[in-house]
Amino acid sequence: MKRFIFTVLACAFLMLVVNLHRSGAQQTQKVQTAATGAITFNLRGIDGRTYDLAQMRGEIVLVSFGATWCGPCAEELAALEDLKREYEHRPIRFLWVSIETKEEATNALLRSYAKSKKLTLPVLRDTTRAAYGQFSERVRLPLVVIFDSEGKLTQPALVGMAASPELYKQRVRSKLNELIATQTLSAN
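FYI, the numbering for the sequence shown is 81 to 268, going by the working numbering.
Between beta-carbon pairs, the in silico distance windows are:
{"#": "1", "residue 1": "Gln135", "residue 2": "Ala243", "range": "34 to 40 Å"}
{"#": "2", "residue 1": "Glu184", "residue 2": "Asn257", "range": "34 to 40 Å"}
{"#": "3", "residue 1": "Asp127", "residue 2": "Thr208", "range": "16 to 22 Å"}
I should point out that these hints are in silico values taken from the structure, not numbers from a laboratory. Note that CB positions come from ideal geometry on N, CA and C, so glycine has one too.
Generate coordinates for the entire structure from the input sequences, incorporating the hints supplied.
Given below as structure tokens:
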């Protein structure tokens, strides 16, 4: 009996390791695809406009994926609003993308949420999670991706909030300043 239980547990562990390896390989493939510039999305905002990543070339684009039910997302949004004000005269676009289905969050609910959080960032919808799925296979929120002015993903996604909003802003600010410096050097 002990041998049988041990065999079952060993098989379960082996299956877990194989699945984790596959998941890691798939995630690596997505990041490699992103590094070649293949990542795209075309999402509708609650303002009725369409936001196409390809049309944002020339700007640094920070995209935050989140949900209205996500507590850390609300903290992150406040930090991103601060950064948006700080960089308002720079060629940086900040976007917030709800990954909730239309049943989970209507446009009216998202408008109300944006108003309650005093959001000035455009609020986009990714109801099928097709855009989100290019960066993560499972829900991990908030998730931030940053694209350089050529539309290339600049780093692996930032997941979650740092220990404090100030630490988080410092981390994002550092990356944005690096991209601005690179963009300035390229222009000269």
